[in-house]
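Residue numbers (my numbering), protein chains in the order written: chain X, 1 to 342; chain Y, 1 to 342.
Hints are not guaranteed to be accurate.
Under the rule of at most 20 Å between Cα atoms (straight-line distance), these lysine to aspartate or glutamate pairs were calculated in the EDC-like manner [unchecked claim]:
hint, chain 1, residue 1, chain 2, residue 2
1, Y, 316, X, 338
2, X, 161, X, 218
3, Y, 334, X, 313
4, Y, 334, Y, 295
Source of the hints: derived by calculation from the structure; they are not laboratory data.
Number of protein chains: 2
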Amino acid sequence: MADECAAFMKGTELPVKRPREEEAETEMEAANNSNNGCEKEESSPYISSVLPGWFSEISPLWPGEAHSLKVEKILFQGKSDYQNVLVFQSSTYGKVLVLDGVIQLTERDECAYQEMITHLPLCSIPNPKKVLVIGGGDGGVLREVSRHSSVEQIDICEIDKMVVEVAKQFFPDVAVGYEDPRVNLHIGDGVAFLKNVPAGTYDAVIVDSSDPIGPAQELFEKPFFESIAKALRPGGVVSTQAESIWLHMHIIEEIVANCRQIFKGSVNYAWTTVPTYPSGMIGFMLCSTEGPAVDFKNPINPIDDESPAKSIEPLKFYNSEIHQASFCLPSFAKRVIETKGK
Amino acid sequence: MADECAAFMKGTELPVKRPREEEAETEMEAANNSNNGCEKEESSPYISSVLPGWFSEISPLWPGEAHSLKVEKILFQGKSDYQNVLVFQSSTYGKVLVLDGVIQLTERDECAYQEMITHLPLCSIPNPKKVLVIGGGDGGVLREVSRHSSVEQIDICEIDKMVVEVAKQFFPDVAVGYEDPRVNLHIGDGVAFLKNVPAGTYDAVIVDSSDPIGPAQELFEKPFFESIAKALRPGGVVSTQAESIWLHMHIIEEIVANCRQIFKGSVNYAWTTVPTYPSGMIGFMLCSTEGPAVDFKNPINPIDDESPAKSIEPLKFYNSEIHQASFCLPSFAKRVIETKGK
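Pulled out of the complex, with its shape left as it was, chain X reads as follows (with noise of 0.2 Å):
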């Protein structure tokens, strides 16, 4: 279907990313029933601008590069209140999630991502109690705070309803983490939802965020991050998706500069592979707030290997080698990095 599907869509432009406020034209029900598959030729953009058979990446945030991945069935496409949303089955890399054309999770690489923005944070810290999640709606953030059995509560603040639905339908082995009791989902704006929040609440909160055009924009400014810093207790520690040194060095340090502004304790950037994403790899803010130091670089809480729930497999990635090693930096980044904002 996935051939044909994109034969036919040859002549669709390019995708163009949706702003926020645009309407939602279909639900999940709806795309489920009319959509899944390839009767639209308008709800499909991405397929159709590479080869046939093909999703390519293209992107104004890594322009002149693409991504392409061989498509073997399309298992989902719809268009929620903030995004397009796509599920395809690949040839090589399992099953893939993609949102306004850009690839969210593969099931052959989610465990680097996953595995390193959750326990990053969360192994540089004593007793980790109470963690939030901000996006992260597939919940394999969930699935990865779940494995630290100090943890008892775990919100998590999803702007996209359609995303955790999608995700409970053909992702089980990541929207597992929504199994774990501790869990709290909270349809809604992370940033309103943080606004609210009592000051000193939590000792961890992870910023799973897509890329900063569209819904997470605000996720990348600063008043964002001064709503984190009074959430935080006094050393509590924040995990931000900080896009990639080798394409985004600009967003970089902006948000490195706006950090050492508003965390007082330590600004740390970390990064890891991930073959689906562009340019290989992505990025991470480590930053606490003031009061009991905290030294990412050495981690003080190490991960119990045994899984706490027999539906969860054992770690794929991260180990405390890996989590000391992903704070050093290429010199042409480390430059900039440790300089910026001192």
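Fit chain Y to the given chain X structure using the hints.
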């Protein structure tokens, strides 16, 4: 020109690797005169395989995925005795060198590979004096070796003269390595060259090869590693290109097992980020022969960041921290590599 060229060649088949023994069709000079553009459909099978105006890297070594770069202009295409050679100006990665359809280097990210494959071995031993480079015809590894002031002799054996000539013509900042008076260039088969090297000649051997399909196939096999071990002094070191843990674990397993049989000092696997290589990373085998112990993970010969020659830019990627970090592996790879052949 690239756009028209690609559109014209749209019907061309996907690339197929040429066997080594296949006869050369064009000399570099002829290629330069007659093929430097898109006159001949069959001479540019790679540009056509994706959307018009883009180069797409498709190979049986990474089925189901393809990285594409937007082509501004094709600068050179020819066929040597060993492989298809293509140089193009990309939109966002500078000039790009492609052999048999596989990206070898881009101006934007070549620093990562060249610096790591060179300084990981040379910074792990005191005062390297004699260094052999197998492959590496572009000159980038030579450029990096030449930063080490202790080195007295740099031999290089590259099989394909066209690669050397193309590098000198189109990649002056890479081929600058040839300007060092310590460099002796041998055009020929690295396997044969090594057989004639007196035992114990070199302090370090660096194998900068393409993938194990085509001209470089023998450089991944056991007899070749045995020749290297013989050519090294006791406690000498070798660094070889060793593929990606995300894509080629089966190849890596075999290489590691072979190396453990042959190199009785130490056997290690390291990796680095390289955005334009498949999966966004590449690995290296770092091994030493029996003799004075080599602890690759703790570099003892830090490189002076002062450039040895005015024509060479300072290091962009390598530093002692990233050296140490490069040996830390994700758990899924660590489990396989650390147990293999033990």
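For each hint, the structure was consulted:
1. Y:316 / X:338: holds (15 Å)
2. X:161 / X:218: Status holds; Cα separation ~19 Å.
3. Y:334 / X:313: holds (17 Å)
4. Y:334 / Y:295: Holds, at roughly 18 Å.
Comparing the model with each earlier hint shows no violations; every hint is respected.
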